[in-house]
Every structure is written in C-alpha cells, then in structure tokens.
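Take these sequences, add in the hints, and give me the full structure.
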Amino acid sequence: MIQPPSREERNPIARVVKLEKAFGENRVLTGVDVSFCEGCCTFVAGPSGTGKSVLVRHLVGLIKPDVGEVYYRDKRVDTLNEAALLKLRKRCTYVFQHPTLFDSMTVKENVSVVLRHHYHLSKDQADARALVQLEKMGLGDFGPQSPNQLSTGQQKMVSIARALALEPETLILDEPTTGLDPYAARQLDELVGKLNQGGMTMLVISHDLRSIRRLADEVVFLLQGKVRYSGPTPGFFGSTDPAVRQFVRGEVDGEV
Amino acid sequence: MKTLVLIVRLLSQSLWSIGRLRVNPSEVLRQYFEAGVRSILFVSVTMAFIGMLGVYQTASQMAKVLPEFSVLGAGVIQMGIRELAPVMTGLLLSIRVGTGYAAEIGTMKVTDQIEAMKLSNVDPVEWLVVPRLLASTGAGLSLGVVGAVVGIATGMVVAYTGFSVLPDTYLSLRFVRMHDLTMGVTKCLAMGFAIPLVSCACGFEAEGGSEGVGRATTKAVVMSSMVVILLDAFISVFWEVVM
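Heads up: the sequence lines are chains A and B, in that order. The first sequence begins at 1277 in this note's numbering and counts up one residue at a time. The second sequence begins at 52 in this note's numbering and counts up one residue at a time.
If you're looking for bench data, these hints aren't it; they were derived computationally from the structure. Check each hint, because a few of them may be wrong.
To give a feel for the contact side, a few chain B residues facing chain A, derived at Cβ under 10 Å [said to hold, decoys possible]: (1) R81; (2) S111; (3) E166; (4) L170; (5) S171; (6) N172; (7) V173; (8) F226; (9) M229; (10) D231.
The beta-carbon is built from N, C-alpha and C at its ideal position, and this holds for glycine as well.
Shown next, in the form of structure tokens:
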C-alpha cells in the first residue's frame, strides 16, 4: 500500500519570496520568505499590526507587493491579471476577519451570488446549491434571513460557507475566532480540523494559542514585518527565540 | 486628481457594463425607489418654499419699478424650467442621495465588502455603481419635473394672494421655448448622472474606519454640489452659444 506523504515531504502550495510591502511611510513587510505546504494546516501568528493579513492577502492577489514575488502552485500571482486572479480565487479562497456579508441580500443569496458569478449558474441552481452548503454547516434555517439578524459568530460561519461553496483546495481564514464566544470558537476550530482532515490546505491567521496547539501542523510567526519562526508546531512552542517565547508565554515585558 | 481619475474609470466601466446590458433591473428599480420616490417629499417641500420666495422677491422688486405683474408668471416659469428646478433638484439630490451613496460604499470599503465582492467574482462597479447611476439619472429627471411643478404652483399661490395676479395670467408660457425645455431636461439628466459617479468614487476612496467614511461623505457632498453648479453653468453656456 502506498503511504501518503508525510507533512515534511509535501510540496509547498504557496510561497512568497523576498516580499516587501509598505503603506505610505509604514513598512509592513520587510524581506519575507515563507512557504505554505499543501494539505497542511498552517497558522500565521504574531501580535496585532505585524502584517499577518497583509502577507496572506498577497496570496490571492488582493494586494500587490512593492518588491518580491508571490507564487501559488508555481504560478506567479503578483503578475496575474484580474481574469486569472478570479480563477485562482476559486481554488484559493480568503475569508475576511469581519464577516463581509452583503447587507442587501439574504443569507442564502450571499452564498448563491458567488456560485452565480463564478460558475455562471442560473439563480435557481445557485440557490439550491447555496442551501445545500448552508445545511451542511447547520445554517439552513438562516437562509431567508438578512445577515443583520445573525450573531457575529453566525455571520462568520456564513462567510465561511460562502467560501466553501466554491469547493476550494485552499482556504485562508483571517482571525476566524476573534470576537466569538469560547463555544463558537471551538466549533469553528472543529470545522477547520475537519476540513483539513478532508485534504483542504488551511491557512489560519490567529492569536489563539489553544487553536494553534490543537490544529496547526506548522506555524509562521511574524514580528514587525519579519518572519521570526516558520516550521512545525512543536518547534514553535519549544522555540528559544525570545520573541516567540514571550508570545507563547503571554509575557508583557519583551520585544513583542 | 486621484478622485478625478477614479471618476473617469467608474464612468468608462459603467458605460461598458451598460453597453453589454450587464444591468440588474430589479436593483435599478430598488435604487430608483430609494433615490427618486423617497426624495419626493424633501424636494417638494424645499421647492415649494423656493417657489414662494422666488415669486415674492421677484414681484417685490418689480413693484418698485412698475407695479405691473402680467409677465411675472411667464418669467418665473421660464426661470423655473431652465434654471431653478434643475439646479435645486441637483443640489437636493447630492445632499440626500449622493451622501447616502458615499456613506454606503465607503462603509462597504472599510469593512472589506468591496474586496469580498472581488473574491466572489462580483464586479463592484456593475453591482454597485451601474444601478445607482441609472436610477439617479431617472430620479434627477422625475424630481426635476416634480420640483418645477411644485415651485410654479406655490409661486402661483403667492402671486395671487400677495400681488393679485390671476392664475390664468400667471400660468403663461409665452417666454418658454423648446430650447428652455431641452436645456432643463438636459441639466436634470446630466446632474442625476454625475452625482452618483462622484459620490461612488468618494465612497470607493474611503479608508480608515468610520472617520474615513465621514470624510468620504463630506467630500461627496462638496464635490457633487460643485459638479451640479459647474454642469449648470456649462450646459447654460453651451445651450446659448452652440445650440
């Protein structure tokens, strides 16, 4: 029987090379080199404002780098045009930190609009598939409601349902558990774990050490726009880097 | 300059979408209801007072020279059709509708909804700008007509009660030419078309949370009001000189 490759043997699905990005005077990323392995659950951690979201947004072409290269499956992302980016975004989907649901639509329409525009389905076909996706995530009852009638946690789940409706191979979640109660956060963690076990590559931005310990195969730790740690999770928790140790231990004094 | 470039880009993308009939009719109707129908009261009340004051001031000035009001209505109607109704409606539309567009799109921008649209393969211009552009153009014309009718009607009441001008005398179209009508209609359409372009561009430029949305909204009302005045001047001169 052929054994599936170990985590270490897997190919990188996405990588950035010597990435630099500044917004005006604010240099957010400086010389970032990092890769994300296929089929892994990689957590991007670090204090607030350190460039985590900026880094992963480069992977789906939402931000263009000032310097450096961005690759997804060996295809250069930062030089793709909008049409090519759309194809990429079907395979590699990004879920924002805030539930970015469209207020003028119902929950079901929020999911079906993606299907209609990406797969050119009719409204009825898209609505039917959207409902299936919502029911899979236990959100079927919310279909006819407006997003405003849902709690933040429910809205986040709908955002994820919308991303999953595209059946991507990679899902990027930007701080999915921020603002959620512990129960909703654990539910979301379970979903992340389940999707990853199903073969989906997961990239999760999070500060939540409990989630990292439970789910992460690899961790990328950013500090002041630079990668301070990139590698397997046990190495992250056992790191001797003072900044990583401070973050892991939640200490106030130090570089972080 | 950046806003101007964005306005030109939104204009070309919108025309491209409209040309390919990539228009959502139900959204256009919804936006027309919001921009047009829901503005009727605001426009009517404002134009009612402007009509009354306009007639009162004009008649008062005329009375100082010659207390003869036979041309009062004809003059007011001509001015209402070609100047007052289009400009005032344009300004009211920029206050009520333009600010709403800038705030709505600005909020969507700062909460990443615009980026989410791109990820969803939904063209933000096609989805947000085109329906507002078409609805506001239609609303500009309809509200211009409503404004003109209301202003002329309330002016007639003041002319009759304050200066004993009979309605038959007041409602004279002797000064009104086709030229005035086409100028008024053109102004209403042009202003209704320009306001969403300017306001949506300001919304798309918003950044930095609620403060950014506030700045975008203020910029939208200032810029769209200026555009209304500039369009009025440009169309008036163009009509007089070229047409």
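Here is what the structure says about each hint:
no.	hint	verdict
1	R81	8 Å, holds
2	S111	49 Å, violated
3	E166	6 Å, holds
4	L170	5 Å, holds
5	S171	4 Å, holds
6	N172	4 Å, holds
7	V173	5 Å, holds
8	F226	46 Å, violated
9	M229	41 Å, violated
10	D231	40 Å, violated
Figure legend: structure checked against the earlier numbered hints; hints not met, in rising order: 2, 8, 9 and 10.
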